[in-house]
Structure formats: structure tokens, C-alpha cells
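The lines below spell out each chain.
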Amino acid sequence: MGHIMGDWDSHIGSLFDIFNQRFAAPQSKDEALYGGISEMVALQREFKIFQKGRPFVESARLLGLGGLSNNLVKNLWFKLLADLSSYESDTAGQNGDERIVNALISNLEASKPLPCVLTSHDSRAKDGRKVIVTSPSQPIHYIEAPHITISLPMRPKGSKAPAAKAPPKKKK
Amino acid sequence: MRRPAQAGAAPSALASLHAGIAAYYTGTLTRFGATPLGVDWSCEPTQQMRFVQLLKLCDLSVPVSLDDVGCGYGALLAFLHARHPASVVDYLGIDLSAAMVRRARRLWRGTPAARFVLGHASPRVADYSVASGIFNVQLEQPRADWELFIADTLDHMHAASVRGFAVNFIQAPPPGQTVRRGLYATDPARWADHCARRFGAVTEVIEGYGLREFSLLVRPRGAADDVGHQPRPRLVQ
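So the protein lines, in turn, are chains A and B. Start counting the first sequence at 149; every next residue gets the next number (our numbering). Start counting the second sequence at 11; every next residue gets the next number (our numbering).
Among the hints, a few may not be true.
[Stated by the list, open to error] Derived SDA-like pairs: lysine to any residue, alpha-carbon spacing no greater than 25 Å straight-line: (1) 177/A to 56/B; (2) 278/A to 239/A; (3) 66/B to 210/A; (4) 177/A to 52/B; (5) 260/A to 286/A; (6) 222/A to 38/B; (7) 196/A to 56/B; (8) 222/A to 40/B; (9) 227/A to 48/B; (10) 196/A to 48/B; (11) 66/B to 181/A; (12) 260/A to 183/A; (13) 177/A to 38/B; (14) 196/A to 50/B; (15) 66/B to 191/B; (16) 222/A to 56/B; (17) 66/B to 194/A; (18) 196/A to 297/A; (19) 278/A to 259/A; (20) 260/A to 216/B; (21) 227/A to 169/A; (22) 222/A to 189/B; (23) 177/A to 167/A; (24) 196/A to 91/B; (25) 177/A to 41/B; (26) 278/A to 152/A; (27) 222/A to 46/B; (28) 66/B to 152/A; (29) 227/A to 46/B; (30) 260/A to 222/A; (31) 227/A to 41/B; (32) 222/A to 216/B; (33) 196/A to 305/A; (34) 177/A to 44/B; (35) 66/B to 227/A; (36) 227/A to 44/B; (37) 196/A to 66/B; (38) 196/A to 243/A; (39) 196/A to 46/B; (40) 227/A to 269/A.
Note that these hints are calculated values from the structure, not bench results.
Only chain B is shown next, with the shape it has when bound in the complex (with noise of 0.2 Å):
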């Protein structure tokens, strides 16, 4: 069995870049709500169709366990009972603001099969991990640190998923043009073979769908071997 609580960088090295993430949507969610904009999305379909990508990684056909790092106020629920009502789905949404999270359970209270916990890692091994948007804002984050972050949060979301995990990026920008500051752009090769190396695992990227950005999906070798499997999710007391 994985632990996810062994994997990854002393929580001490990212505690304070995680408080500046924590602060920020903090800010959003109190300027905005509990709308995509709350989570830093222009509107809700450009918020959705991250999801679509992002969930191209889960087969949803059978019963799973779904890990949403940096899950806000548990947006990919919403979409999950709307496009995919017919789908079961052990919800599990993690984020670093403490009002995302309290924001969150008050919304989806009396949700069955929906929990969110504080924090910047899963506290359990799942099915699988999406995580939507949280390498995009920087702010004022060294990239060398905003690259430990990624690293570090990506060794989290290997170690918590037994069939595979999902992210996504902004494109970066061609020679001569840059990125709004504070945002991390970068290559699908530079996290695609970071993911292929150290995790040992199948990657594929997603481009194409009208964003600047890609999506990353990891899959573990012989994952396609492995449909029908169904481990059980625990929670880690």
C-alpha cells in the first residue's frame, strides 16, 4: 500500500509558500464566492472544460474514488453530477484555504460521498487525483520554489492515486512573448518527462481545446491492465 504521507519535500520547506497560496484564494473566494471567479476562472466554461481534460484520465464507469487537489468549493462535483450523473464517485476535495474548505462543506453538506479536508496533500490513497489550476498563479514565488511546489505536490497526487493523476498547465508562450506576471507557464515535455521518469509511469498531454494550456495525464504502467480494479478508499486517521 502507498503512503502518501511519506512521499514528497519536509512540510516544513513549502509551509510558507502554501500560507501565500492559502491567502490568495482566500482573497478570490471573499471578493468573489463561490463562483469561478472565486477560484480565478474567467466563467464557468472555461472552468469546466479544464474538467473535461482533466477527467479524460478516470474511466467513470464503474465506482471510484476521486482526490480533488486544490478542489475550491468543490466546482468538479458540480460538474460531476452534471455530466456524469450516472457515475459513483467517492468525493474527496483538498485545499490549502481554510474558507475554501468551510465554504465548501457548507455548500455540499448532506452531499453523500462528498468530504473535504484542509490541507495540501490527501490524507488517503484514491482511485485517482485531479488538480485544476494550482501551478498557474505564482505571484511572487521564486520559480525555482514554485517548481519544488509543483514537484512536491506531484509526488503527493502519485503516491495518493492508485490509477493515475491529472493536472494541467499554461502553455508557455512563444519565443518573444511572455506570460502575465505572476502566472507559471512552461512546457508539457518539462512535467511530462518529470512524471515519466521519476514515477516510472505512461504520461499523455491533452492540447487543443481553445485554451492556453495543456493538461497532463499520468497513468501507471499496465494501468489499462488494471480496469476492473477497484481498491478500497481509506481515509488515514
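Isolated chain A (complex conformation) (with noise of 0.2 Å):
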């Protein structure tokens, strides 16, 4: 997916950012109520920003998650996103953007959510152009909580597509 963003692709990593800071975890006790996730678990109570059948897109759009500095880098950041339902994911019957919504709707309903980081992995390996969402992870070495990690398959710009996995034969 990363080559949706061509010559812009640097700041990917800046636009993981406003998604992990918007679902962080509370960094302190004094914390617990406010900011971050629980924030996010708030929205989500109230407005149900998060639906089935609502693409993870038009979520990430209402809350802004596509950044204020540069309208090019937004709308290639949502063309991405938008693209997640022509992917898989690890879990059967769920497209990329399925898995994603139905992940952060689980957690932010839950009695104990957990904060929620975006990250990548490389498309070209092996299984790699699934979206997976690991529950729970440990993704951020210095922040001892557990985390869901959401992760985006992407290739550089300019790289080879991986084969598209041939649809499974059908019995006779």
C-alpha cells in the first residue's frame, strides 16, 4: 500500500503518529480518564464513530486522521486507507478494512481496552499483503502495556506488486 503515497511516502510514519496518539495509552495514573483511548472509548460510546459497514476511511476522516499540514499528503493517506478492503487479513471472512473496524470496535466496547498502534510490515513477504491486527502485543519496547497492533501491508514505491494469491480450487 505504501506506494499509494509515491513520492510522499515519508510521512507515513507521521501519520501513524495521529493515530497513535489519538488511541494511546494513559502514560499516568492521573490519566487514566482522559486523553488517548479514553478519549477514543468516549467518542466511540457517545457518536459510534466506529460501525460496521462504515469504512475505516470515513472514521479516520471525522477524526482527523489524515494530518493539517499538507492537503496532498491527506488525500493520498485516505486513498490508502480507502484501499484496505482490497486486501485480506489474518482472520478468514474479513477484508483488511473489515478487520480493522471490527478490531477497534471490539476493544473500544470492551470492559479493559487496550491502546492501539498502526504500523506496517512489508507486502512482498511471504503471506504479506494481509492487514494484521495482533491482540495483545507489546509493539513499543518503552511503554510497558499491552497493546492491539494494527498492521498495514506496504511496498515501496516503484516495487513489484507481490502474485495475488490464487483463489482456492473448487471442489468437485
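Hints are included, so try docking the two chains, each in its own frame, into the full complex.
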């Protein structure tokens, strides 16, 4: 997916950061009731921002996860997120978009929601062309808190797309 | 009848501060347009989350008049239409930024019962007044001056609201932490006590809605007995 950002691929990290800040773990007991994942839980409870059938990109737009500094980068990022539904996921029967939305809904409505981290993996690797959600995980070694890691498949611009997996043969 | 024009400090004492606020929000509007960012909120859900809390003040099951102090481009009006479509609200938005008021008037042109005026206080007496986020961005103002502005604004809101008013503040951080430079943060008791003492009012603090802030609802004593009372809103000419 990273190729969608084209020459703006160096912004991907900062776009991840926007999501990761909005879904971050509280850094102290005093922060446990506000900010980061607590804010997201409250917003989800009040407005049902993430909904089954609503593409992730629409919720991302609503939350301003495209950043402020560059409209071209923002639009490319939303184009990338809109393409998630064309990817598989690590869960059978859910495409990449559905996997993310379902994972976020379950988490935000759980009794103990976990902070979330958005990251990427190389889609050219074996089975790489999938959205992967790992929970619980420990993606940030300097923050001792269980997270949900959402990893998007990406490859560099100009690289060859991995061959699409052949559809399973129908049994006769 | 209350006289909103007599409330608060002398206009000249705060004129410079008001001008600074107007310039700041004219700048955000110029940069981001009629969007949550244009009134300095991070996104629409957090903007609306504040409206949800402030409107807990209001009984919208009956027709009401509502003043929106620091209305910006009138986002509260859109929220009212979406969230309370059956409610009948005579809405008046008040803002210090002339550009913001022009934008709001253009945006809501033709909408019944929606008016916008330029100023720091409402020219009428309404059922309720709300103000969202207007005390947060202190900029380079000394804290004492900013608190004078807050007290003056609360005086005006009290004088212009028969059934109560609601505002919000950034919650003061715990010891050892600071808020971002240019922001005003406070403890709930600071202004809840002020309103209870100065206005003889009943105050309610709402916290725990996911944002590092609190909403302060201020109702006159005996307000619960006044349900159904319908003051006729009027514009002071």
C-alpha cells in the first residue's frame, strides 16, 4: 500500500503517529480518564464513530487522522486507507478494512480497552499482503502496556506488486 | 427583568483582550475555514462531545431560547439540528470575530430562528446560555487578566440567562505537569465556587467524558421548580 503515497512516502510515519497519539495508552494514573484511548472510548460510546459497514477511512476522516499540514498527503493517505478493503486480512471472511473496523469496535466497547498502534509490514514477504491485527501485543518496548497492533501491508513505490494469491480450487 | 448590558466589567477594561481573541479566531478561520479546526478543535467528534455536555443544562423538550457565546461559525446549531431535530430552539450566536460572524451568517442564511451578532455578550435575555472552549486559549495574556475576562463573561452569561448557563474549562494537570503554553487550565472548584457564591446558584461539574476538561453547569436556585416557564426572548435594540 505504501506505494500509493508515492513521493510522499516519508510522511507515512507521521500519519501513523497521529493515529497512535489518539489511541495512546495513558501515561499516568491521573491520565486514565482522559486523552488517548480513554478519549476514543468516550467518543465511541457517544457517537459510534466506528461502525460495521462504515469504512475505516470515513472514521479516520471524522477524527482528523489525515493531519493538518499538507492536503496532498492527507488525500493520498485517505486514498490508501480507502484501499484497505481490497486487501485480505489475517482473519478469514474479513477483508483488511473490515478487520480493522471490527477490531476497533470490539476494543473500544470492551471492559478494558487497550491502546492501539498502527504500523506496517512488508507486503512483498510471504503472506505479506494482509492486514494483520495482533492483540495483545507489546509493540513499543519503552511503554510497558499491552496494545493492539494493526499492521498494514506496504511496499516501496516502484517495487513489483506481490502476486495475488490464486483463489482456492473448487472441489468437484 | 435582568439587564445584560449592566453586567460585568467596564467594556474598555477588556477591550484589548477581546481584540486579541477576535484576531486569534479570525486567524484560525482564515486558515481552516468553517470546520472544527477553524475554531481550534481537533475534530468534529471532540467538538460535539463538548456540546453534549453543555446541553445537559437545557430542557429541550419544550421550546427554548439559547445563546451561544463564542459561537464561531455556528457548529452548535448544526449539532442541535442533527441531535435534537424535534427541539424548537430560538438560537442566537455571539462572537468577537467579525469574520466569524460573517461566515456564520452566510452559512446559516435562511435558517429560521438562527441569528448571529458581533460582540462579547448577548444583547438579550434568553432561557439558557452556553459557551464552549472560549476560556481555553489564553494566548499571552497574564493569568490575572484572563481570569478577569472569565469573571466578566460569566457575569454577562448569568445576567442574560433565566434558566442557567454552561461553560467548559481545561482541567488543571496534576502536580508536576503543565498545560501547553498559552492555554488556561483550572480546578473545577475555582469557578464552581465563584458562580455559587456570586450568583447564589446551584452548580454542577461534569467530568469523565474522555477529554482533559470539565463542564460547569450553573442553574439559579429553584430552577427545577421553573420547568415550563417560558420567558419571551427579545433582542435589545
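Holds or violated: residue 227/A to residue 48/B, with C-alpha atoms at most 25 Å apart: With Cα atoms ~24 Å apart, residue 227/A and residue 48/B stay inside 25 Å; holds.
Distance restraint between residue 222/A and residue 216/B, which requires alpha-carbon spacing of 25 Å or less: violated (35 Å)
Pair hint outcome, residue 196/A versus residue 46/B [Cα-Cα no greater than 25 Å]: Answer holds: residue 196/A to residue 46/B is near 19 Å, not above 25 Å.
Restraint check for residue 278/A with residue 152/A, where alpha carbons must lie at most 25 Å apart: The hint holds at about 16 Å.
Pairwise hint evaluation, residue 216/B against residue 260/A, where the allowed Cα distance is 25 Å at most: Roughly 23 Å separates the two Cα atoms, so the pair holds.
Hinted pair residue 66/B and residue 181/A, Cα distance within 25 Å: holds (20 Å)
Restraint check for residue 278/A with residue 239/A, where alpha carbons must lie at most 25 Å apart: Roughly 9 Å between the alpha carbons, so the hint for residue 278/A and residue 239/A holds.
25 Å limit on alpha-carbon distance, applied to hinted pair residue 278/A and residue 259/A: Violated - the C-alpha atoms of residue 259/A and residue 278/A are around 28 Å apart, more than 25 Å.
Hinted pair residue 66/B and residue 191/B, Cα distance within 25 Å: Distance ~30 Å between residue 66/B and residue 191/B Cα, so the pair is violated.
Restraint check for residue 196/A with residue 48/B, where alpha carbons must lie at most 25 Å apart: holds (24 Å)
Proposed proximity, residue 38/B with residue 177/A (alpha carbon, max 25 Å): violated (34 Å)
Holds or violated: residue 196/A to residue 91/B, with C-alpha atoms at most 25 Å apart: This hinted pair holds, its Cα atoms lying about 18 Å apart.
Taken one by one, the earlier hints fail for this structure at numbers 13, 15, 19, 22, 25, 28, 30, 32, 33, 34, 35, listed in ascending order.
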